[in-house]
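Number of protein chains: 2
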Amino acid sequence: MEVDGDAEIQQAVRFALFHVLQAGARAECRAIAAKGLTGPGYDGHSFWDTETFVLPVLTCTAPLAAAQPLRWRHATLPAALNRAQQLGLKGAAFPWRTLNGDECSAYWPAGTAAFHVNADIADAVVRYMHATGDMTFEREVGLELLVQTARLWRSLGHHDHQGRFHLDGVTGPDEYSAISDDNVYTNLMAQQNLRAAADAAERHPDLALDFGVDDEETAEWRDAAERMNLPYNEVLGVHEQSNGFTGHQLWDFAGTRTDQYPLMLHFPYFDIYRKQVIKQADLVMAMYLRGDAFTADEKARNFAYYEPLTVRDSSLSACVQAVMAAEVGQLRLAYDYLGEAAMMDLSDLESNTRDGLHIASLAGAWIALVAGFGGLRHCDGSVGFAPKLPEQLGRLAFTVQVLQRRLRVEITGPEATYELVDGDTLDIEHYGETVTLKQGAVVTRQVPQIPEAPPVGQPAGRHPAHRGWTPGRHESGAAET
Amino acid sequence: MEVDGDAEIQQAVRFALFHVLQAGARAECRAIAAKGLTGPGYDGHSFWDTETFVLPVLTCTAPLAAAQPLRWRHATLPAALNRAQQLGLKGAAFPWRTLNGDECSAYWPAGTAAFHVNADIADAVVRYMHATGDMTFEREVGLELLVQTARLWRSLGHHDHQGRFHLDGVTGPDEYSAISDDNVYTNLMAQQNLRAAADAAERHPDLALDFGVDDEETAEWRDAAERMNLPYNEVLGVHEQSNGFTGHQLWDFAGTRTDQYPLMLHFPYFDIYRKQVIKQADLVMAMYLRGDAFTADEKARNFAYYEPLTVRDSSLSACVQAVMAAEVGQLRLAYDYLGEAAMMDLSDLESNTRDGLHIASLAGAWIALVAGFGGLRHCDGSVGFAPKLPEQLGRLAFTVQVLQRRLRVEITGPEATYELVDGDTLDIEHYGETVTLKQGAVVTRQVPQIPEAPPVGQPAGRHPAHRGWTPGRHESGAAET
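Order-wise, the sequence lines are chains A and B.
Taking the working numbering, the leading residue of the first sequence gets 20, the next gets one more, and so forth.
Taking the working numbering, the leading residue of the second sequence gets 20, the next gets one more, and so forth.
Identical copies go unnamed one by one, so any copy, or any two together, can satisfy a pair.
Here are the simulated DMTMM-like pairs of lysine to aspartate or glutamate, each with C-alpha atoms no more than 25 Å apart in a straight line:
hint : residue 1 : residue 2
1    : K109      : D278
2    : K457      : E21
3    : K109      : D290
4    : K109      : D271
5    : K109      : E236
6    : K457      : E434
7    : K109      : D225
No wet-lab data here; the hints were simulated from the structure.
Model, not experiment: these values are computed from the prediction.
For reference, chain A alone in the conformation it holds in the complex:
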């Protein structure tokens, strides 16, 4: 990973990759804890951080290392099957926080109800298979993880009179809402989970039968996925984070002092849960991981609506906001968020690095660069890039493993260069244009010059530190730099 124009970021992303590899690559069938082995924070527990933040980096850089934590998840299936049964559900309910596979979360509105961890595990399986095509893994681990999580979603959800499929009473990534109906992130990730399970069962009918999967069951999964409800506010023209969210009262950001963040340490949850205030990227996260479910206009409108509500009281937020800020043309903001994700520990931004490193945020630095400024997206067996650099960076270069090949990508301001380092000839997309890559050949494409989109604001006092630019009048955080 080479970053020209910002030595601090270059150093930080090396620091980040070292620690992500340190935490993940040698875990060898153990969980990757939120702090790795660097400190006592979170008491050594693992969360969705592993599958959603750490594994994307490992999958693209050291794919065999990504298989190990998923094999660990698979080893905990008995506990997850048992947990689902306790909850009156089918399939597997993986724990929100855990040491050995048992649920260790006692606070149920944000623990038990955060079912999305199951779809996040499925997403990591799909991503790993996409990168490696490792059929041994799929037969030994992947299929069963997909099948048991799909069963969970089917039993957790239900159809309404109009045939729409709902997932009620869940908590999405944003822990400042809870027990909500039809959280868009959860629903879209569950939709992918259901489809991936049906597809995998189709690939391995013999093994699927061993798990008791028949064609009626896979048809139910596909149908539920097809009819998944996604709440949308027609008047505002934005998706609802969860059903009814945009009708809630706005948090009084102007009346909240800087020393009252993070909010959960200064306000009762009764007050936080019933208002429009977001701890961390939730719908914005859905637009990254399930970008195929949104139009470009929807992404821009949703980003503009949710950005001023998101206080980033979680270190899992900035990197995702960086990715989507870049996609919707907010390159300066994306660059600031890259800085926040990358410098989380080196600058001790949350004043708790003594408790251990934020491994997911460190992984997020890589994500912000590759998915944000590189614009890498995987989707259904294809891979695309939409590179764009902020004015502060002269060059960004990285190597990723996708579709069983290694690709070298180098982006300068006006151009992007793609090189197939090894593997068979491959079609990729560059801004939607198909580009054929043959091993050894270098292909260069122009980067469209997209003007910076009009800035969107953050909650009062919560804009990220600006890196190398000064906000003008009418821009976010004009009073501060």
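Take the given structure of chain A and dock chain B to it, following the hints.
Only chain B this time, still in chain A's reference frame:
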């Protein structure tokens, strides 16, 4: 209270009145606990039971005794003002469960968020004033209780783009849902609270000014009340208990064994909260206490919708269901529920009478008779009756204090007789017809012969014990008696 035709009920209602008076009439500025002084259940705590179940009986039978628990509430105002401030709200937030005025509930989804207790206290104030016209009480206690609770509602709620007023993130009487938006019971009771506070401030402008109330504040209360949002499902033609409720999955009643009730001891709350299953009358309670907000058709449709979802895992349910069953023409069912409320302790129906008597359910026996078969309703300075007896009862007679008079009411099957025992000439309503009562004169009116409405079912296995009738085919609980 005389009940001919059911000696057990006659005996039970005397038992009930004895214990309600025992618990309440000598409390003398102390709280009335859920168990009175009869046992250790609920650790001696008081809840909304006092204002909503016990005080209606005391207000109509021994009104000066009803003033005492309200004076006790008033004495705890400093704690309630402090609690509201802790929660970032204005006015007073009275505790969900308490000994001395401090909140003793630790389980916030069903404790802190059950704000309706504040409107229930206001309702008791309004009811007491309606019965007694006690202006000393209003100036010393009533006005301030109304003002501080109205302030709570105004600060808890907010307007949306269309100007509708919402109360989000609250828990209504039904504790099998929580943290819901626009609970109809809460919204309607808050509406009454806001209006009553504005009216009381209008009556006592000098004193209101001492509490800092000006015309802008009362106008805000009236406007919020006027714009109160009441969610309604147009397709089903029923009100939503709370926003989105009717879209939730139905509880699997057929798959729930008798020994799995009460549900909260056998299923996780995550599962209970996200499904259509009701612990106790909630919307049905709103139709009783705020009957003016519903048409007769709406009441019948709502009752038919919610009755099959209500499992009565709370002893506060049967009496309210008796009242509304009688109003919508389900007289047999009303009679069964009267029996359940009246026999709760004498027959130890919940197998926990050893923990103390269910004082509210005992009060509910009186409520079921007077408000159910007597059809007593108070509304805005008027009082009405809609008497009707189930076939098992030959006669029901009772005396009530209303509008500073004592009325004797005697109902036989075909006729109702009204006598003004003391007080000035009064107009009452008998089935909507104005009847003028002069002291000493007895007025008789016909009781319309209303055919029994088609029966509605209860959740499988949860119908009340039938009293003196056998369900035919196509009727609820046909397999059991």
